[in-house]
Structure formats: structure tokens, C-alpha cells
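J.: One letter stands for each residue in the lines below.
2 protein chains.
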Amino acid sequence: MDLVYLDHMSLNPILPEVRKAMADALNQEWGNPSSQHRLGEKAAEAIANARQSVADLIGARFPREVVFTSCGTESVNQAIKGTAWARQDKGNHIVTTNIEHNAVIRSLRRLKQMGFSVTSVPVDKLGRVNPATVARAIRPETILVSVMHANNEIGTIEPVEEIARVCREKKVPLHVDAVDSMGHVPINVEELGADLVSFAANPFYGPTGVGGLYIRRGTTVWPLLDGGVQENRNRAGTENLLGIIGMGAAAAAASRDLEKRMAHARSLRDLLLAKLPEYVEEFVVNGDPDNCLPYLASVSVRHLEGESVMLMLDEEGVEVSTRSACASGSLRASHVLLSTGMEFADAQGTLVVTFGPGNTEADVFRFLETLGSAVKTLLEISPLYKK
Amino acid sequence: MDLVYLDHMSLNPILPEVRKAMADALNQEWGNPSSQHRLGEKAAEAIANARQSVADLIGARFPREVVFTSCGTESVNQAIKGTAWARQDKGNHIVTTNIEHNAVIRSLRRLKQMGFSVTSVPVDKLGRVNPATVARAIRPETILVSVMHANNEIGTIEPVEEIARVCREKKVPLHVDAVDSMGHVPINVEELGADLVSFAANPFYGPTGVGGLYIRRGTTVWPLLDGGVQENRNRAGTENLLGIIGMGAAAAAASRDLEKRMAHARSLRDLLLAKLPEYVEEFVVNGDPDNCLPYLASVSVRHLEGESVMLMLDEEGVEVSTRSACASGSLRASHVLLSTGMEFADAQGTLVVTFGPGNTEADVFRFLETLGSAVKTLLEISPLYKK
Numbered sequence: 024m025d026l027v028y029l030d031h032m033s034l035n036p037i038l039p040e041v042r043k044a045m046a047d048a049l050n051q052e053w054g055n056p057s058s059q060h061r062l063g064e065k066a067a068e069a070i071a072n073a074r075q076s077v078a079d080l081i082g083a084r085f086p087r088e089v090v091f092t093s094c095g096t097e098s099v100n101q102a103i104k105g106t107a108w109a110r111q112d113k114g115n116h117i118v119t120t121n122i123e124h125n126a127v128i129r130s131l132r133r134l135k136q137m138g139f140s141v142t143s144v145p146v147d148k149l150g151r152v153n154p155a156t157v158a159r160a161i162r163p164e165t166i167l168v169s170v171m172h173a174n175n176e177i178g179t180i181e182p183v184e185e186i187a188r189v190c191r192e193k194k195v196p197l198h199v200d201a202v203d204s205m206g207h208v209p210i211n212v213e214e215l216g217a218d219l220v221s222f223a224a225n226p227f228y229g230p231t232g233v234g235g236l237y238i239r240r241g242t243t244v245w246p247l248l249d250g251g252v253q254e255n256r257n258r259a260g261t262e263n264l265l266g267i268i269g270m271g272a273a274a275a276a277a278s279r280d281l282e283k284r285m286a287h288a289r290s291l292r293d294l295l296l297a298k299l300p301e302y303v304e305e306f307v308v309n310g311d312p313d314n315c316l317p318y319l320a321s322v323s324v325r326h327l328e329g330e331s332v333m334l335m336l337d338e339e340g341v342e343v344s345t346r347s348a349c350a351s352g353s354l355r356a357s358h359v360l361l362s363t364g365m366e367f368a369d370a371q372g373t374l375v376v377t378f379g380p381g382n383t384e385a386d387v388f389r390f391l392e393t394l395g396s397a398v399k400t401l402l403e404i405s406p407l408y409k410k
Numbered sequence: 024m025d026l027v028y029l030d031h032m033s034l035n036p037i038l039p040e041v042r043k044a045m046a047d048a049l050n051q052e053w054g055n056p057s058s059q060h061r062l063g064e065k066a067a068e069a070i071a072n073a074r075q076s077v078a079d080l081i082g083a084r085f086p087r088e089v090v091f092t093s094c095g096t097e098s099v100n101q102a103i104k105g106t107a108w109a110r111q112d113k114g115n116h117i118v119t120t121n122i123e124h125n126a127v128i129r130s131l132r133r134l135k136q137m138g139f140s141v142t143s144v145p146v147d148k149l150g151r152v153n154p155a156t157v158a159r160a161i162r163p164e165t166i167l168v169s170v171m172h173a174n175n176e177i178g179t180i181e182p183v184e185e186i187a188r189v190c191r192e193k194k195v196p197l198h199v200d201a202v203d204s205m206g207h208v209p210i211n212v213e214e215l216g217a218d219l220v221s222f223a224a225n226p227f228y229g230p231t232g233v234g235g236l237y238i239r240r241g242t243t244v245w246p247l248l249d250g251g252v253q254e255n256r257n258r259a260g261t262e263n264l265l266g267i268i269g270m271g272a273a274a275a276a277a278s279r280d281l282e283k284r285m286a287h288a289r290s291l292r293d294l295l296l297a298k299l300p301e302y303v304e305e306f307v308v309n310g311d312p313d314n315c316l317p318y319l320a321s322v323s324v325r326h327l328e329g330e331s332v333m334l335m336l337d338e339e340g341v342e343v344s345t346r347s348a349c350a351s352g353s354l355r356a357s358h359v360l361l362s363t364g365m366e367f368a369d370a371q372g373t374l375v376v377t378f379g380p381g382n383t384e385a386d387v388f389r390f391l392e393t394l395g396s397a398v399k400t401l402l403e404i405s406p407l408y409k410k
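Protein chains in written order, with our numbering: chain R, 24 to 410; chain H, 24 to 410.
Read the hints as simulated data drawn from the structure, not as lab findings. Note that this is a predicted model, so its numbers are computed, not measured. For each residue, glycine too, the CB sits at the ideal point set by N, CA and C.
Covered stretches of chain H, as calculated for chain R (at least 3 residues, CB under 8 Å):
(1) 32-42
(2) 221-233
(3) 238-252
Make a model of the complete structure from these sequences and hints.
T.: This is how it looks when you write it as C-alpha cells:
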């Protein structure tokens, strides 16, 4: 049975060229990039090249504004906690939104345990944050605003540029969690106007175990990892050379292929949504149709639990997700969907379909057919439906 | 010119079998180990196997006591800061020693900025911590003791078992930084008696970018990275699958080869120290000769700067270190050597030679000959010597 993989949000395959760059690196001898002899210089140069590729992808003016971390979660934790600690003499209040990723939510929950206070602003039914609401939430003691670039469950892209203007006016640094959009939609940190931007390599087909944090020059953030002088003193620890080389290759590929990727993903998404009514009767498409991640379709099938549908699809070799892998194993309804005003029952029935470069129209039809018969079977035994 | 690499403390080559395990992993498709479908299960199984190999190496009773991190520095930061934050209702005092690694020193410096207080105990001239001194430093408000297992500049192995008995008696958790000794000398966390043990994969010939933290069951430590539920909720973030597989393979090799490695390294170290007087007249061998890392020889050449010697050796293709790579670039004398009571001038002249499995007796002689002529040349121009 051929596998149809439509869970790219949860894990992406590594691009062949990234794999090759990493395999080559694995077969070489390297020194410690922070040591002073020749092997170390070669490693330092490889890291500098990767940093340049990432800086190019995100439009950073200075490569040293890019800090390599171990994952998107680390980037987010450093951006949020590092800013809160560094600025605690200026205030203890942070503004965020109701639809953030667990890394943001739990970093903030941790800060609350340490005496910080948090205001979380609502979103509308399309999952959009209103910049005016952010403006009203900012107080004199606000030291950070954290907003995601695009939501990983419904795909809505937030009006970050406008929020950044608000923050700049009020002189509050802005952190943007761009983990799920970097490499999939154009992001230029200068145009975005954010002071801190978190991202990771795997979402744009690099390896897991490596991420990046953009820190605009002049922004004060404490490192999360204290120790050596690596990463321009922004992140201690011996560098993950293999991962960084992989991330550099993935960033170069993303810069080159961005338009093509967007067009490909969008065509599959459009096909899925156009054909869906032929296979499933009652459903809701989530997110903002005018402003969304091209590779993600979030569909709530009514009267069913997404978890059951997902497991039935899995048995047929079709892999999709119900929500973020970081939150999987939990049967609670998504806080994101509930935030958009969706009923609890409908929120339970949500599937998140995410496309990658290897997917084809045939995959979409295989998904639709499998979904159609899974929904039919499940509706026959659904207590929600019988009512 | 053949390179003679004697700077394994700064970076180790990856073992061929580790490289192979990683290359195989790189060529497979994996799912997200925290997702619920089949590809995810395969990845979760690979991580479980690696965790078992690491647990076996360190003698952990339960594999889940092993948490994978991104490096030794992260492990140390989580052990120290995570314990301090989790126990801050019980007190704000931490005990450490004068010869710790930068990751420990700077984690503690950061905690001091946050209101914690630190007592650092001295060492004797062999670099040994006296357990009775640790006992005297512990106060009712002490919430953590942090001591390194073996020092990375002079090789002294500390009496950790005795310090652990002191800590247990006083009901204070003990963190042991074993980054430079794990895989090189036998370490069994049960016999050691520590509650937290930090280590990393590269020091035992695994990849960089992956480390481990042993957290004894029942020990309360806050995660450094908050977010998803990975690593039994001890460390959020998508797993570095490739790195973890590499660390597992390196741990299995270390368990198998430990005795052989120790004998090999010890023979080269003994040879170097036995022959050294034939090449250099005035020098001091640092550390505790009776209790030291077998792969490390720390030698202070009198009247010279180690940095100059190191760079001359580098020109001749012989790579050694003056001190931790994390602190390289700094011309200050080592805090470790000064703590042993060494004169500033002698501390400046220190070379750290570290052996790996690929080194041979011929490497030792090549080092000695190159060192002999470098020292001769440098002494001729040394102002310290002319005095």
C-alpha cells in the first residue's frame, strides 16, 4: 500500500539536496568552530555560509542577526523568556493572542509563575487578530508583544506588519512566531517590522533539531543557554554543525523555490476544497480564505471526532493530522478553533491536511475517497449524528 | 603534511559506526515521533532504542530518567536553572566549586542576576574539591550543589561519590557536570549518587548538537524549553532524530569499548609524560596523577604563553588546545589553573593535549618533537625567560 503523506505540518521530509549536503558533511572531518586551529576555521566558515543563506531567506540586513538554535521551540522560549528577563526592570506585562502555539503559551505560563502578567487578545471567526485590539492591550508596563505569523491549525496569516507598526509606536518589542510559515510564504523581517522572529529548519524541508532566531540589531534578549561565546554570545553550546549545514541548504532551496512551492501547494489545496463537497456532506473550512498558508487546509467534519477519522485514514495509508503534533495524544478540542467561536463538537471533528513538494493531484483524490468512506462508516456509528 | 589531532577535548571525530547509523537514518523517511501515525511510531521506536543505550551507558535504572537535549551546555543550564527555579520556595543558595566549566559558571552568574546567591568552594593544588568543604558550605537555604565530574583543563576526577553522600545527608540535590568524562571513565549514576548528571554525545564520539541530562526519578526540575510534551515533558521541541540516533550508537560503542579506550589513552598519556623531559626542560604537569581523565594531559611550559605554542604547533600540523574551546579567543589565564594556586605566568603557558581512538605512539613523538623545537624558538624571544 502506497503511503499518502499529508501531515507535513507534523514532520517534513528532508529535501534531496539538503540530505546530500548533510551526507557530505557527515563524511568530512571538522574541527570545533570556536577553536582556533585550521579544522575549526573550516567549520566556522561552513556555519558562516549557512548563516548567510538563512539571512537571505528572511531578509535580515546583518547575518549576525540570525542565531542558530536547536528547534523552533527553543527560539520561541528564548525570544519570550529572554526578552521578559532582560526587560523586567521596565515592566512585567506581555501581550499575546488566543491562538498561539504551545511553545508560546507555555513559555508565557512559565513566566506567569515567575511574576509576569499576560494579556491574551481574542481573534475573529477567521482567526484574525485585530491590530487595534493589540494596541488597546498594551500598557505602560508592557515589555513584549508576541504574535504568530500564521496559525498552524487553521492557516490564517496574521496582519503582522500592522501589529509591528503599533508596537513600534508604543516602543514595545514584537516577537513573531514564524515557525509554520517560513519558507512557504514570503517573509522579510525588514518589511515585517518584528524585532524577534522564531523559525525552524524542518518546516522548510531541513532537518529536525535545528532552528533559528532573528534578533534585530539593538534588541536586548538574554540567552537561554549560558556558557561559551558561540553565536555571537546569543546562544552557548557547541554548534550542531550537521544541522546548521542542513538548515543553510534548506534556506537556499526555499529562497530559490518559494514561488514554485506556493503555486504547487495552492493548486492542491484549491483542488481539495473544490472537490470536498462531492465526498463529505457537512463540513466547515477553517481559517481566512483570503490570507492563509498555501500548503494547509483545515476542515472540520461535522458530527465526528477528527481523531477517529485520522486513525481510519492511517489504516488506509493516508496520513493527516488533527492538530499540532506537539499537542497530540490529547483529546481536548483545539484552543485555536474554540477561539474562533466554533462549537466544541465541530472543533472535535477537525482534520489538518498539509501538502509538501512530493504531493500530487492523485494524493488529493486518494485522500478524498478514503475520507469519504471513513466519514460514511463513522457517521453510521456516531452518537452525535444519531441525535 | 599529515595532521596530528590532539585536541579531542575541543571536538571529537564521529566514530565510523555512528556515522553509518546517522547516514542510514538520513536516507530514510521518518514521521514525527510525537505524532500518532505509523511513520511517527518508527521514529518513536528509534528514539526509545537510543534512550535505552544511553541509560545502559550511564547505569540509569529507568530509561525515562534520560532526557535528550541539544548539547552539554543545555543540559547544564537546565539542571542548574531548572532546579533553582523549581526549588526557589525552599531557598536561594547554591554551592559550586572554583573550577567549573563556563556553562556552570555562567548559568550561576545568570541566577545571581535573578536573586540567587552562590558559594564557590576552593580546590587544592591537584584540583581536588574536599567533600568536607562542600558540607560546610551547605546552609539551610541551599537548594542545589553543582560539581563537575572531571575537569576539562587539568583532568582531575572529583570525589563525587563522597560529595553525593554529603548532599544526601543534607537533603540537597546534587548536579554533576560529566560532559568531559562520560564514555571515558566508568560512570554509574546509581553508584555516583547524583540527582542530575549532564553529558553530551560528541565527547564520546557522537555528533555535536545532541546532549543528555539524567534526572533521577523524583527530582523536580523545570524544563528550560516549554511547549510540547516531548521527552516525558522534560524538554519541549521536535526531537533531533538524527542526532539522537547518533548519540544512541555512540553510547552503545562507549559501553562496549570503555576498557579498551581507557587502556589506549592511558598508554599514550603515560608515554607523553615519560618522554616529555627529553624535549622540554621546564614544565609542570597539572592535575591529580592518581585520579585523572586517561585521555588528557595538561602541561604548563614555563616562561611561555600556551597560545603562542599552540599556534606554532598548528603551523606544523599538530593541533592541541590551551583550554576549553568555549573560552578560546580569550587571553586571560585559566581560572582553573589559578584556582590550583599556580602562578599567573605559568598558567599562561598551559597546553591541553587530548587523545582519541585514532591516535598512535607516532603522534605522541611528532607532538614532542614539534613542541621541543617550538619551545626552543619561543624561549629565544620570550621576555619572561630573558628575565
